[in-house]
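**Q** Chain residues, written in single-letter form:
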Amino acid sequence: MTKIAIISQPEQGVLIDIGGCSTLQEATQHLTSTLQVSSQFWENMHVDLNLGDLALSKEEISQIMSIVAEVGVEPRHIYAQLEITRASLNAHNIAAAAGSPMNLLPSGSSDRQSSVEALEDFAPDTVQSALSPGEASPAAASESRETIVVAVESTIDSALPLPAPSEAARQVTAPAVLCLRQTLRSGQAVSHGGHLVIIGDVNPGAEVMAEGDITIWGALRGMAHAGIAGNTSAEIRALKLQPIQLRIAHAIARSPDRPQTFAARSSAPETARIVNGTIRITSSAPE
Amino acid sequence: MSGRVIVVTSGKGGVGKTTASANIGTALAASGASVALVDMDIGLRNLDILMGLENRVVYNLVDVVEEKCKLRQALVKDKRLPNLCLLPAAQTRDKTAVNAEQMQKLCTELKGLFDFVLVDSPAGIEGGFQNSIAGAEEAVVITTPEMSAVRDADRVIGLLEARKEEIGQYRLVINRIRPQMVKTNDMMSVEDVLEILSVKLLGVVPEDDEIIISTNKGEPVAGTENPRAGLAYRNIARRLRGEEVPFIDLNSFNVTWFDKIVKIFTPVRA
Numbered sequence: 001m002t003k004i005a006i007i008s009q010p011e012q013g014v015l016i017d018i019g020g021c022s023t024l025q026e027a028t029q030h031l032t033s034t035l036q037v038s039s040q041f042w043e044n045m046h047v048d049l050n051l052g053d054l055a056l057s058k059e060e061i062s063q064i065m066s067i068v069a070e071v072g073v074e075p076r077h078i079y080a081q082l083e084i085t086r087a088s089l090n091a092h093n094i095a096a097a098a099g100s101p102m103n104l105l106p107s108g109s110s111d112r113q114s115s116v117e118a119l120e121d122f123a124p125d126t127v128q129s130a131l132s133p134g135e136a137s138p139a140a141a142s143e144s145r146e147t148i149v150v151a152v153e154s155t156i157d158s159a160l161p162l163p164a165p166s167e168a169a170r171q172v173t174a175p176a177v178l179c180l181r182q183t184l185r186s187g188q189a190v191s192h193g194g195h196l197v198i199i200g201d202v203n204p205g206a207e208v209m210a211e212g213d214i215t216i217w218g219a220l221r222g223m224a225h226a227g228i229a230g231n232t233s234a235e236i237r238a239l240k241l242q243p244i245q246l247r248i249a250h251a252i253a254r255s256p257d258r259p260q261t262f263a264a265r266s267s268a269p270e271t272a273r274i275v276n277g278t279i280r281i282t283s284s285a286p287e
Numbered sequence: 001m002s003g004r005v006i007v008v009t010s011g012k013g014g015v016g017k018t019t020a021s022a023n024i025g026t027a028l029a030a031s032g033a034s035v036a037l038v039d040m041d042i043g044l045r046n047l048d049i050l051m052g053l054e055n056r057v058v059y060n061l062v063d064v065v066e067e068k069c070k071l072r073q074a075l076v077k078d079k080r081l082p083n084l085c086l087l088p089a090a091q092t093r094d095k096t097a098v099n100a101e102q103m104q105k106l107c108t109e110l111k112g113l114f115d116f117v118l119v120d121s122p123a124g125i126e127g128g129f130q131n132s133i134a135g136a137e138e139a140v141v142i143t144t145p146e147m148s149a150v151r152d153a154d155r156v157i158g159l160l161e162a163r164k165e166e167i168g169q170y171r172l173v174i175n176r177i178r179p180q181m182v183k184t185n186d187m188m189s190v191e192d193v194l195e196i197l198s199v200k201l202l203g204v205v206p207e208d209d210e211i212i213i214s215t216n217k218g219e220p221v222a223g224t225e226n227p228r229a230g231l232a233y234r235n236i237a238r239r240l241r242g243e244e245v246p247f248i249d250l251n252s253f254n255v256t257w258f259d260k261i262v263k264i265f266t267p268v269r270a
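Sequence lines, in order, name chains A and B.
With my numbering applied, the first sequence covers 1 to 287.
With my numbering applied, the second sequence covers 1 to 270.
These are computed hints drawn from the structure, not numbers from a lab.
There may be inaccurate statements among the hints.
Stated by the list, open to error - Partner residues aside, some chain A positions facing chain B, computed with beta carbon under 7 Å:
| hint | residue |
| --- | --- |
| 1 | Gln25 |
| 2 | Ala189 |
| 3 | Gly205 |
| 4 | Glu207 |
| 5 | Ile244 |
| 6 | Ser255 |
C-beta atoms are modelled at their ideal positions from N, C-alpha and C, and glycine is treated no differently.
Make the full structure from the sequences, and use the hints.
**A** Below you can see the structure in the form of structure tokens.
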């Protein structure tokens with residue numbers, strides 16, 4: 001399968017498609033090798049970027065943006081299919097473009113292979129040469145094929161070097177509430193600048209972080225950190241509050257040491273908030 | 001102080017690297033040494049659960065390497081033994097988050113603080129394994145008495161031999177042996193395994209149901225009175241400290257009433 005495709009859109013510029021990569025490492029590798037072909041090639045070019053189904057965290061987005069910025073490319077539109085990636089883009093004040101970039105392709109080139117052929121007409125001696133070594137890269141072949149794990153950025157010190165988003169991308173800011181309809185599994189992490197609502201479970205080993213409240217319509221069994229910017233009135237609520245650890249602003253609470261039996265655990269909705277400097281959990285049911 | 005950096009590795013997954021790391025670490029610490037357990041299985045961290053410390057993890061190894069926190073902040077002190085610390089892996093990152101040089105630097109730093117630094121390596125022989133052995137001076141290779149595990153252990157030993165200058169010695173632990181099955185020739189014996197691998201034996205750990213219970217409880221058996229796997233791990237720790245400890249007679253386990261009656265009526269041969 002083609003890992004990366006560059007699709008010329010005669011009147012609209014160029015679409016760089018890294019949606020065919022299955023991991024961030026693969027994506028960065030292919031992106032770097034492709035972009036470095038000729039920096040002049042990219043000058044004054046309208047470039048769109050398609051992240052496809054890649055699940056990327058805020059930190060990983062900045063990694064990709066800095067690769068692109070290195071050769072002076074400022075993507076006009078960035079497409080992403082996954083909600084989690086779109087949220088990470090929002091965290092950088094980058095608006096994910098609406099729809100799928102495939103709509104923009106010249107007719108008859110709906111699959112990746114023909115897209116690459118379209119490219120050959122466009123810049124045969126420059127870009128195409130970068131595609132083939134990228135495909136057969138031995139380093140990429142030896143990588144584990146595990147599905148991408150969304151990395152977490154440390155919330156406590158999140159000073160990340162990030163190239164400024166382009167003017168066009170600056171229009172939309174992060175929404176006040178991000179609603180995710182999925183179960184977060186071990187190793188996945190979500191960080192959001194507003195309130196965070198998750199419809200699904202947060203499993204052990206997963207991390208959810210928000211500047212505002214965190215509401216989980218499901219079981220919280222992993223780690224949740226509300227008020228990451230220091231908001232001590234942030235709350236964490238879940239239908240089943242069984243976290244390994246809870247953090248609100250700078251307070252940390254951990255679950256009891258003695259593991260409870262596998263069956264009997266509280267099943268009523270509960271809310272965690274800071275009371276007198278420590279995290280307290282109360283029933284969410286009305287009195 | 002300059003401690004010893006020992007990597008616990010196996011090649012194959014599921015043979016008991018993490019269980020062995022937790023138990024050897026606990027046994028070493030119980031005998032008075034200061035011990036750091038380093039979980040190198042970034043992205044698939046488990047050692048914190050085996051130690052029952054998962055709810056105390058705030059920072060992790062990747063945070064230390066990326067200088068987001070001090071090493072001291074990331075070290076989680078054990079609940080029972082004050083001279084035992086865990087440096088947890090990051091769960092939301094992957095093996096590429098650290099490199100060999102960073103690991104060497106980290107191990108050097110830990111060596112200055114602890115008598116023993118036990119590095120729990122991930123399965124496989126790729127980047128994660130290479131990072132794990134980067135700062136190590138000794139290795140403990142874990143295998144089970146199965147052809148697949150033995151072959152993978154053999155591969156790992158070959159890779160360790162190629163780094164003779166750094167890794168001075170490597171010894172073998174045979175895990176999950178079932179004496180009853182060995183007796184009936186349904187399982188490879190210790191001798192069979194040693195014949196293939198021809199390495200120095202550090203210990204033999206019998207299969208023990210208590211291991212499952214202890215994993216769920218977050219309490220390594222080596223820290224309890226357990227007379228089977230627990231004793232085996234305590235003996236391994238003593239051997240690591242340089243003591244001569246005889247290997248336990250595995251046939252003393254799983255002795256049935258029938259066996260005992262047979263033994264009474266069996267004439268003792270001179």
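**Q** None of the hints should be skipped; say for each whether it holds.
**A** Hint check:
1. Gln25: OK, holds: glutamine 25 of chain A within 7 Å of chain B, min 6 Å.
2. Ala189: The hint holds - alanine 189 of chain A has a Cβ within 7 Å of chain B, the shortest such distance being about 4 Å.
3. Gly205: holds (5 Å)
4. Glu207: holds (6 Å)
5. Ile244: holds (5 Å)
6. Ser255: Status holds, d = 5 Å.
Figure legend: structure checked against the earlier numbered hints; every hint is met.
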